[in-house]
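Under this note's numbering, the first residue of the sequence shown carries the number 10, and numbering increases by one thereafter.
Honestly, the hints are just simulated from the structure, not real lab data.
Any given hint might turn out to be false.
[Stated by the list, open to error] Label-pair distances were calculated between CB atoms; the ranges are:
hint	residue 1	residue 2	range
1	Asp510	Thr390	51 to 57 Å
2	Ala159	Ala250	50 to 56 Å
3	Arg734	Asp953	30 to 36 Å
4	Ala684	His161	35 to 41 Å
[What the hints assert, rightly or not] Straight-line C-alpha distance at most 30 Å; calculated DSS-like pairs for lysine-lysine:
hint	residue 1	residue 2
5	Lys239	Lys643
6	Lys61	Lys781
7	Lys57	Lys781
8	Lys239	Lys255
9	Lys361	Lys706
Even for Gly, the Cβ is constructed at its ideal location relative to N, Cα and C.
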Amino acid sequence: MPLLEPRPGALRPRSISGPAPDRVPGHRAAGTPEPLRTELAELLGPEKVLWKISDLVRYASDASPYRFVPQVVVIAEDIDDISAVLSYAHGRRREVVFRAAGTSLNGQAQGEDILVDVRRHWAGVEVLDAGRLARIQPGTTVFRANAALARHGRVLGPDPASAIACTLGGVVANNASGMTAGTMRNSYRTLSSLTLVLPGGTVVDTADPLADEELARAEPALCHGLMEIKAEIEADAALVARIRAKYEIKNTTGYRLDAYLDGNTPVEILRGLTVGSEGTLGFIAEVVFDTLPLDRELCSALLFFPSLPAAAAAVPLFNEAGAIAVELMDGNTLRASVSVAGVPADWADLPKDTTALLVEFRAPDEAGRDAYERRATRLLTGLDLVAPVASVTNAFTRDPRTIGGYWTARRAFVTAVGGARAPGTTLITEDFAVPPSRLAEACEALLELQAEHGFDAAVAGHAAHGNLHFLLAFDAADPADVERYAAFMDAFCRLTVERFDGSLKAEHSTGRNMAPFLELEWGAEATELMWRTKRVVDPEGVLAPRILLDRDPQAHLRGLKTIPRVEAVADPCIECGFCEPTCPSEDLTTTPRQRIVLRREMTRQQPGSTVLDGLLDAYGYDAVDTCAADSTCKLACPVGIDTGALMRDFRHRRHSAREERAAELAARRFRAVEAAARLAVATADQLRNRFGDRLLKAVTGAARKAVRPDLVPRWLPQIPGAAARRLPASRRVGASAVYYPSCVNRIFGGPGGRPGPSLPEAVVAVSERAGKPVWIPRDVTGTCCATIWHSKGYDAGNRVMANRIVEAAWGWTAGGRLPLVVDASSCTLGIAHEVVPYLTEGNRSLHAQLRIVDSVVWAAEELLPHLEIRRTAGSAVLHPTCSMRHLGDEGQLRAVAEACADEVVVPDDAGCCAFAGDRGMLHPELTDSATAREAAEVTARPFDAHLSANRMCEVGMERATGRGYYSVLLELERATHP
Numbered sequence: 010m011p012l013l014e015p016r017p018g019a020l021r022p023r024s025i026s027g028p029a030p031d032r033v034p035g036h037r038a039a040g041t042p043e044p045l046r047t048e049l050a051e052l053l054g055p056e057k058v059l060w061k062i063s064d065l066v067r068y069a070s071d072a073s074p075y076r077f078v079p080q081v082v083v084i085a086e087d088i089d090d091i092s093a094v095l096s097y098a099h100g101r102r103r104e105v106v107f108r109a110a111g112t113s114l115n116g117q118a119q120g121e122d123i124l125v126d127v128r129r130h131w132a133g134v135e136v137l138d139a140g141r142l143a144r145i146q147p148g149t150t151v152f153r154a155n156a157a158l159a160r161h162g163r164v165l166g167p168d169p170a171s172a173i174a175c176t177l178g179g180v181v182a183n184n185a186s187g188m189t190a191g192t193m194r195n196s197y198r199t200l201s202s203l204t205l206v207l208p209g210g211t212v213v214d215t216a217d218p219l220a221d222e223e224l225a226r227a228e229p230a231l232c233h234g235l236m237e238i239k240a241e242i243e244a245d246a247a248l249v250a251r252i253r254a255k256y257e258i259k260n261t262t263g264y265r266l267d268a269y270l271d272g273n274t275p276v277e278i279l280r281g282l283t284v285g286s287e288g289t290l291g292f293i294a295e296v297v298f299d300t301l302p303l304d305r306e307l308c309s310a311l312l313f314f315p316s317l318p319a320a321a322a323a324v325p326l327f328n329e330a331g332a333i334a335v336e337l338m339d340g341n342t343l344r345a346s347v348s349v350a351g352v353p354a355d356w357a358d359l360p361k362d363t364t365a366l367l368v369e370f371r372a373p374d375e376a377g378r379d380a381y382e383r384r385a386t387r388l389l390t391g392l393d394l395v396a397p398v399a400s401v402t403n404a405f406t407r408d409p410r411t412i413g414g415y416w417t418a419r420r421a422f423v424t425a426v427g428g429a430r431a432p433g434t435t436l437i438t439e440d441f442a443v444p445p446s447r448l449a450e451a452c453e454a455l456l457e458l459q460a461e462h463g464f465d466a467a468v469a470g471h472a473a474h475g476n477l478h479f480l481l482a483f484d485a486a487d488p489a490d491v492e493r494y495a496a497f498m499d500a501f502c503r504l505t506v507e508r509f510d511g512s513l514k515a516e517h518s519t520g521r522n523m524a525p526f527l528e529l530e531w532g533a534e535a536t537e538l539m540w541r542t543k544r545v546v547d548p549e550g551v552l553a554p555r556i557l558l559d560r561d562p563q564a565h566l567r568g569l570k571t572i573p574r575v576e577a578v579a580d581p582c583i584e585c586g587f588c589e590p591t592c593p594s595e596d597l598t599t600t601p602r603q604r605i606v607l608r609r610e611m612t613r614q615q616p617g618s619t620v621l622d623g624l625l626d627a628y629g630y631d632a633v634d635t636c637a638a639d640s641t642c643k644l645a646c647p648v649g650i651d652t653g654a655l656m657r658d659f660r661h662r663r664h665s666a667r668e669e670r671a672a673e674l675a676a677r678r679f680r681a682v683e684a685a686a687r688l689a690v691a692t693a694d695q696l697r698n699r700f701g702d703r704l705l706k707a708v709t710g711a712a713r714k715a716v717r718p719d720l721v722p723r724w725l726p727q728i729p730g731a732a733a734r735r736l737p738a739s740r741r742v743g744a745s746a747v748y749y750p751s752c753v754n755r756i757f758g759g760p761g762g763r764p765g766p767s768l769p770e771a772v773v774a775v776s777e778r779a780g781k782p783v784w785i786p787r788d789v790t791g792t793c794c795a796t797i798w799h800s801k802g803y804d805a806g807n808r809v810m811a812n813r814i815v816e817a818a819w820g821w822t823a824g825g826r827l828p829l830v831v832d833a834s835s836c837t838l839g840i841a842h843e844v845v846p847y848l849t850e851g852n853r854s855l856h857a858q859l860r861i862v863d864s865v866v867w868a869a870e871e872l873l874p875h876l877e878i879r880r881t882a883g884s885a886v887l888h889p890t891c892s893m894r895h896l897g898d899e900g901q902l903r904a905v906a907e908a909c910a911d912e913v914v915v916p917d918d919a920g921c922c923a924f925a926g927d928r929g930m931l932h933p934e935l936t937d938s939a940t941a942r943e944a945a946e947v948t949a950r951p952f953d954a955h956l957s958a959n960r961m962c963e964v965g966m967e968r969a970t971g972r973g974y975y976s977v978l979l980e981l982e983r984a985t986h987p
């Protein structure tokens, strides 16, 4: 046993609210039952089968109010795996559900038997025909696909608010549309073709000219059944008219029956039916979209009205004027969005009934934009606008930052409102549509219905298309509150259908919570055609039962999840999944959402529970150890939940008193620690030169086993040699800034084999060259930004070093009169922001007067204007660090790189490398996983320079790509060297 094992039981929840009614029962503690586990492992390989109870629980939740624990999770890598799982399910009479991002709001990504992860190995975009077409893998996010298309001036039609996280397979399977798609830019209208794996294993590429011939040979009964239904529909003129009328407004309730009218062959019908089928008819293995022009000239306004009906009444005017988007946000939504970064704080004081419309016009050129703007501005004079708080302007703007802020607030609707809900309540997101001409009437009726049932819901939506969303919060653990919700749903569905002939689901697809009401909307005849469609395509009912079709009138009340209280930082989480694409451990262990989901299940359990013990056993490595603690999840989360901070707190809880004292002593004696570390690196470099890497790997491997893998770094061949013993000479007199070389750059040298100055030498040289000399204090040795202690949860050591660096910086900068330039982005973040909670009151006052500047910002804003570029690299690829994202410095990194290279590329898949100081040496598998996609992009072509702004991130990227990364400031020095 290692000498310094984490304290047993340290991660056990401090307060357990269980046993909750929806807790995982004790008989599930062993995970996947036999023979299911063994049979699937033999069929697919054990690495593709997740069977531990912690794996099953973390996949049990999605963005919906439902929770179903699967029997097993399969990580499918290719179509062969999909076919094998389907064949197995047929033979064993089992059920299969596909899950990609898990951002759907109605339980579509949840299964009670075999759940197949089709995100991890299913990402990729191929741009075709100069951008007019895009071939996309189903696990690719909308954001990632649009990033690839933007270079060609194109964009996808669907634009859901969850674009940062939702995947194209799910978008097509739900016919998700979004702010601007309406009925003509959605997946049904813009999908060129798809590749579908049918329940029986047949693979259909709808673009293949021989597809119908091959399908008829492989699935004759299916082809006959589809054509028979088509003939029945076309023979009924009233039914044809009804179907056409239903799709004049947005509608995703049930199967797309107009596919039978729009398709002439079985393959064409299947293509249409698959859109919005929620994984019940087959697996979407690939999609090809017809893309749309990306109009870049915008003018937008956020217009405030005294009430919801007043705002709704103005919508037709902007539709007629040509607005591409008219988005509605009611008072509850506006006030809740104050929690989102960049939203004006005074929105919190908006009157209760205030409602806003976000109106946007887009044009391909300035002339078109100007014409739209004149037309829109004229409309404003006749509107009943209000300005109840100072930030309200009620004017159109072209400013990209302002427009971006408007959209940030709008896209945060579900998450911001959900984050502000009462603790312990479950969030329901409803989505309906009415004819746009009746929107104002529908708003009034909805408000009356909510009041009648005691709900004060938040309302937002795509007003231009008569599509509204509203959020309800209730306690799923309280039977009376569930009854109240059930009564409201019955009344709401009757209202939507009987009074407005509307769509019960406009763009979120049917899902578990609307399946029981399908017949209410469509009637018995059309609903039976949907059941027949399911039987024709999936006669054994293998795929996603009870998700789109369910005859149980109470089905929407089954599986509602409770939301037990957890640690305060994570408690607002609504499990939306927006954080997941940014998480470095997403493809290795757990994501921020899953870390919180697991924590909630722990609190549902009762003391002594075997399920709780199983979850705790896995949580240390799966959640705590493999978290990079980079907190990029906080940037992606619309309510700013910092799961990295929670994991750092858990690391602190696991420390023994002896560990904390040792870490504090290291901080107090850091001068000696720094010298010892540099000597160790130098010695290791000598040993490497003499014996190679094998000896060092063996020594560190033995030490990791003896002490603890999470404390002793593993030797990696990419670790650089030691830095020079002395920092470059500089003068205090006449200095424009104080230069603080970070401890990592005082211990480690630059990339091996690259001639030229060290990073400190380069910073001093280019600053002098630009007429902005910098001074390095002689006593920087023994100081640190405190990130070493902060990232590991050593609070006492963190406190010592945080106060030391602030006191030292105060003296060096003459009380803040000179800026402090820091040469590692993570250290800049540490000194500028992360040290603050650990400072004494007096030092907090000193810190407020310091100007902390990252060296890349210093170069971009202070040096570049005064430097002569003498030579440039042909091409450079950048790795923006996660710290730069927090600091907002990515633009400056690019500016410096563009001065030094003719072509600058930031990979579309660039993200946190997860090296995180030494975490990449403690858990190299974390960095390997985190960098895999970015590395594939980088190594797909040659570059002359590989640039970043943090030494250990550069090491991580060198390990990932086999290419030498170095600081952009070294390249700047080379470019400007006389």
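To see whether the hints hold, each was checked on the structure:
{"no.": "1", "hint": "Asp510 - Thr390: 51 to 57 Å", "in the structure": "violated (35 Å)"}
{"no.": "2", "hint": "Ala159 - Ala250: 50 to 56 Å", "in the structure": "violated (41 Å)"}
{"no.": "3", "hint": "Arg734 - Asp953: 30 to 36 Å", "in the structure": "holds (32 Å)"}
{"no.": "4", "hint": "Ala684 - His161: 35 to 41 Å", "in the structure": "violated (54 Å)"}
{"no.": "5", "hint": "Lys239 - Lys643", "in the structure": "violated (50 Å)"}
{"no.": "6", "hint": "Lys61 - Lys781", "in the structure": "violated (59 Å)"}
{"no.": "7", "hint": "Lys57 - Lys781", "in the structure": "violated (57 Å)"}
{"no.": "8", "hint": "Lys239 - Lys255", "in the structure": "holds (17 Å)"}
{"no.": "9", "hint": "Lys361 - Lys706", "in the structure": "violated (64 Å)"}
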